[in-house]
Amino acid sequence: MTSLPLARRRRGRQVLRNTVVGWTFLLPNFAGFAVLTLVPVALLFYYAFTEWNVFGGAEWTGLANVRQLMHDHSFRTALLNTIYYTVFHIPLTLVAALALALLLNRRLRGVAFFRTVAFFPYITSIVALAQVWNMLFSPGYGPINAVLRGLGVDNPPGWTTSADWSMPAVIIVGTWREMGYYMLLFLAGLQTIPGQLYEAAKVDGANAWQRFRAVTLPGLRPTTFFVVVMLTIGSFNVFDLILVMTNGGPGQSTLVLSQYIYQKGFVENQFGYASTVSIALFLICFVITIVQFLINRRQS
Amino acid sequence: MMKRSFAAVLGATAAISLVLAGCSSGDDDKGSASGPQTLTLAGWSFATTPEFKTLADGFHATHPDVTVELKEYDAANYDTQMVADLAAGKAPDIYAQKTLKNFYTYQNGKQLVDVSDVATALGDKVGGISSYQADGKTWAIPYRQDSWVLFYNKTLFAKAGVKIPDGSWTWDDYAAASKELTTKLKGSKAVGDYEHTWQSTVQGFALAQTQGATIESGDFSYLKPYYTRALDLQNAGAQVKFGDATTNSLTYQAQFGKQSAAMMTMGSWYIATLRKQQASGEADKFEWGFAPAPQLDKSTTGTSATPVTFGDPTGLGINPKIGKSKEATAKAFLQYAAGPDGAKALAGIGITPADTEAVKDTFFQLDGVPQDDLSKFAFTKHDTKPENPVSKYTAALQNILSDLHTAVMSGSKDIDAAITEAQNRAKTEVLNK
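Line by line, the protein sequences give chains A and B.
If you read the first sequence in the working numbering, its first letter stands for residue 1, the second for the next number, and so on.
If you read the second sequence in the working numbering, its first letter stands for residue 1, the second for the next number, and so on.
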């Protein structure tokens, strides 16, 4: 009669113990996540509908910020510039990273050295490399334009000092910097493709291009998907490179969304409106990622 | 059931306690009215900005029972960090207003103690005090007031055989001299002038010297003559192109100090920098002086007139969290810093205090400071208008004008189109949003 409740109680205590132990293990990670990510993000959704200059309470303004966003010419400029960057940066980086990975996946002499070299820009301080690229791009004294002039280009572009060329310049540097990182992902992906598939294709008489199309690309599909998603999010959030290289200029020619958020928030102290723009950026990234997942699922 | 609710409670408690721990603001020491007191003072880059220590030590000498502790902030992110510290209740008792642009944020955010009584006690000798007035009260006290002047290299002028500035220059005289210098100095690395990449090098003068011009009006047509001249000098090769200056991160200290330019307009803080760099060898040794900034027209030129220039004061404000007992001491510190004693201490290290007339002798006794009369005139006599007139629109409008500056100076947009665009943006994004 008494043994049943006792056993149940003992089991209950055991469950409690396990739960506590489980939570204890989770806590260090969860605490950091909650304090540094979860709470601020939750608050962001509140501040987006307020006017707030950090001090004191935020004043609830309803949809006023959203209305302002709809008519904000600078927001539109920043959005278009961000799309400009994304549309060129993703395919260029993808192709460059894949090409590098294919090149460095062979048994070449010194392949480790070349892989390191390709990866190097990614681990270099972004401020340092933005400064150096700025000097390379310098219209008057820079070596890039010196070479172009040597090749007979009479009127070489002004790069970061010209509204038409500043975005291409930033895209070039962005691609150069990140291709090493994505090359590494592609290299890892290439290792997972079984060698027999290539042998079988060869036996069937497939040439190099056909082997690439029929074996390598399908084999890399999961990697490619991951790379595209990461590149998309990274491109929409591009910030530090542009801040150091052009600071959004000349004029607003390289103003991107993250920088606009930074400007509104930390320069102009309009944290309410900056939160609204952040949410707009979040929704854009969110929708695009969902679409990518749906497309990927349909293909697989 | 129990398992789930327990987990939920534990999780929620953990989250809440963490949030509370992160957000709670420790109540600072309230101090006591009698006995030794400690004030904390915020500043930046103490290695290159010795003024905070000078003021702290000077105040301690006259008030031995008060110690002023310094708290260093990063110069580039001073306002961001200060805003965060104030919001968290962790900011020092007294903090400097590094840029006038952000004064509105602090004042409107109720982060400053009313110091009107200090202002009244100081009287009208202290320049720039009106910049810190809002709602009929004074919220900060300027201890230094830099004004923009024209630095020139006497050695290069002599070499080129061009007449040095005499205080009668308008901007047209300046442009003509710059071109003449460039031509006559051909073969050396020096050109006529260097115009730094800041928007203030053009816009500060335009705003200060054009009658009736204000940023808040949203009418920026007053900028056109100043940009036309700057572009003309750039295209004539009399100054380094904007794009080359930005992409190569040129510093104005090196451009003038290493004699790559014979003239440069710059704030009076550069007097102290140049004299220090010439002593340490970072800058070349050459004869130099400074003259009043070139003027829009002849009505304000000549040593019998008061030249119009611009410059923002640097003020000290008191954090409202200081507590009543220490507030009087903090006000005494502000009064010391802006008063004649503080001014002398600052002049002794080459800094331009808010009261320049009182320290003329101290300042010009320093080694390496030019001794000519025009430099003395330029140092003491000027009508200095604020670069960032205080208003809730200033920060946002200056951002729009900064975009105009980079677009025009890089040659990406012509001045008329850029002004039209800036005016439209000002209207839709800031003034009537």
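Just so you know, the hints here were simulated from the structure itself, not pulled from any lab data.
Treat the numbers as computed from the prediction; the structure is a model and nothing was measured.
Beta carbons: idealized from backbone N, C-alpha and C, even for Gly.
Treat the hints with caution; some may be incorrect.
To be verified - Restraint-style ranges between C-beta atoms, simulated for each label pair:
1. Lys258/B - Leu43/A: 48 to 54 Å
2. Leu63/A - Lys90/B: 52 to 58 Å
3. Ala236/B - Val111/A: 22 to 28 Å
4. Pro320/B - His71/A: 49 to 55 Å
5. Gly110/A - Thr428/B: 53 to 59 Å
6. Leu217/A - Lys90/B: 37 to 43 Å
7. Ile83/A - Ala254/B: 37 to 43 Å
8. Asp414/B - Leu63/A: 50 to 56 Å
9. Trp60/A - Lys298/B: 51 to 57 Å
10. Gly140/A - Ala328/B: 43 to 49 Å
11. Gly323/B - Leu43/A: 27 to 33 Å
Said to hold, decoys possible - Simulated crosslink set (SDA-like; lysine to any residue; CA at most 20 Å straight-line):
12. Lys276/B - Glu287/B
13. Lys392/B - Thr50/A
14. Lys392/B - Gly56/A
15. Lys427/B - Gly56/A
16. Lys321/B - Gly57/A
17. Lys392/B - Gln68/A
18. Lys110/B - Val41/A
19. Lys110/B - Phe25/A
20. Lys427/B - Tyr141/A
21. Lys427/B - Phe55/A
22. Lys427/B - Arg67/A
23. Lys392/B - Ala64/A
24. Lys98/B - Phe55/A
25. Lys186/B - Ala64/A
26. Lys392/B - Tyr141/A
What the hints assert, rightly or not - A short list of chain A residues far from chain B (calculated; beta carbon distances all over 10 Å):
27. Phe49
28. Phe55
29. Ser74
30. Met135
31. Thr160
32. Tyr181
33. Pro222
34. Ile233
35. Gly249
36. Gly251
37. Ser253
38. Leu255
39. Val291
40. Leu294
Status of the hints after comparison with the structure:
Range check, Lys258/B to Leu43/A: Cβ separation about 50 Å, and the 48 to 54 Å hint holds. Distance hint for Leu63/A and Lys90/B: a CB-CB separation of about 35 Å, inconsistent with the stated range 52 to 58 Å. Distance hint check for Ala236/B and Val111/A: the Cβ-Cβ separation is about 54 Å, which falls outside the suggested range of 22 to 28 Å. Checking the proposed 49 to 55 Å range against Pro320/B and His71/A shows it is violated: the Cβ atoms sit about 37 Å from each other.
The supplied range of 53 to 59 Å is met by Gly110/A and Thr428/B, whose beta-carbon atoms lie about 58 Å from each other. Under the hint 37 to 43 Å, the C-beta atoms of Leu217/A and Lys90/B, about 56 Å apart, miss the expected range. For the pair Ile83/A and Ala254/B, the supplied restraint of 37 to 43 Å holds, since their beta-carbon distance comes to about 39 Å. Evaluation of the 50 to 56 Å hint for Asp414/B and Leu63/A yields a failure: the beta carbon distance comes to about 38 Å.
The beta-carbon spacing between Trp60/A and Lys298/B, approximately 56 Å, falls within the hinted interval of 51 to 57 Å. Checked against the given bound of 43 to 49 Å, the beta carbons of Gly140/A and Ala328/B, roughly 58 Å apart, lie outside it. Taken as a hint, the range 27 to 33 Å holds for the pair Gly323/B and Leu43/A, whose Cβ atoms sit roughly 29 Å apart. Our distance criterion of 20 Å between C-alpha atoms is met by Lys276/B and Glu287/B, whose separation comes to about 14 Å.
Distance hint between Lys392/B and Thr50/A is fulfilled; the C-alpha atoms sit about 17 Å from each other, no more than 20 Å. This hinted pair checks out: Lys392/B and Gly56/A have alpha carbons roughly 17 Å apart, not beyond 20 Å. A hinted pair counts as satisfied when its Cα atoms are at most 20 Å apart, and Lys427/B with Gly56/A does not qualify at roughly 28 Å. Using a Cα cut-off of 20 Å, the hinted pair Lys321/B and Gly57/A holds, with the two alpha carbons roughly 17 Å apart.
The suggested pairing of Lys392/B with Gln68/A holds, with an alpha-carbon distance near 17 Å, which does not exceed 20 Å. A distance of roughly 26 Å separates the Cα atoms of Lys110/B and Val41/A; the hinted pair therefore is violated under the 20 Å criterion. Annotation: proposed proximity of Lys110/B to Phe25/A is violated, straight-line Cα distance about 43 Å (limit 20 Å). Simply put, Lys427/B and Tyr141/A have alpha-carbon atoms about 39 Å apart, too far for the 20 Å limit, and the pair is violated.
A hinted pair counts as satisfied when its Cα atoms are at most 20 Å apart, and Lys427/B with Phe55/A does not qualify at roughly 27 Å. Of the pairs offered as hints, the one joining Lys427/B and Arg67/A holds, with about 16 Å between alpha carbons and a cut-off of 20 Å not exceeded. Straight-line distance between C-alpha atoms of Lys392/B and Ala64/A comes to about 18 Å, which keeps the hinted pair within the 20 Å bound. Only pairs whose Cα atoms come within 20 Å are accepted, and Lys98/B paired with Phe55/A is accepted, the gap being roughly 18 Å.
With a C-alpha separation of about 59 Å, the suggested pair Lys186/B and Ala64/A falls outside the 20 Å cut-off, and the hint is violated. A distance of roughly 41 Å separates the Cα atoms of Lys392/B and Tyr141/A; the hinted pair therefore is violated under the 20 Å criterion. The beta carbon of Phe49/A is kept farther than 10 Å from every beta carbon of chain B, the shortest such distance being approximately 16 Å. Non-interface status of Phe55/A relative to chain B is broken: a Cβ of that chain comes within 10 Å, the nearest being about 3 Å off.
With a least beta-carbon separation of about 6 Å from chain B, Ser74/A fails to lie farther than 10 Å from that chain, contradicting its non-interface assignment. Separation of Met135/A from chain B is inadequate, the least Cβ-Cβ distance of about 6 Å not exceeding the 10 Å criterion. Listed as outside the interface, Thr160/A is inconsistent with that label: its C-beta sits roughly 6 Å from the nearest C-beta of chain B, within the 10 Å cut-off. Even its closest Cβ contact with chain B, about 26 Å, leaves Tyr181/A beyond 10 Å, as expected for a residue assigned away from the interface.
Pro222/A, annotated as away from the interface, keeps every beta carbon of chain B farther than 10 Å; the closest lies near 34 Å. Remark: the non-interface label on Ile233/A is consistent with the geometry, its nearest Cβ contact in chain B lying 25 Å away (cut-off 10 Å). Its closest Cβ contact with chain B, about 4 Å, brings Gly249/A to no more than 10 Å, contrary to its assignment away from the interface. A beta-carbon of chain B comes within 10 Å of the beta-carbon of Gly251/A; the shortest separation is about 3 Å.
Not every Cβ of chain B is farther than 10 Å from the Cβ of Ser253/A; the closest lies at roughly 7 Å, contradicting the non-interface assignment. For Leu255/A, the non-interface assignment is contradicted: its Cβ lies about 8 Å from the closest Cβ of chain B, within the 10 Å cut-off. The claim that Val291/A is not at the interface with chain B holds, since no C-beta of that chain comes within 10 Å of its own (minimum 31 Å). Interface exclusion of Leu294/A from chain B stands, the closest Cβ pair being 32 Å apart, more than 10 Å.
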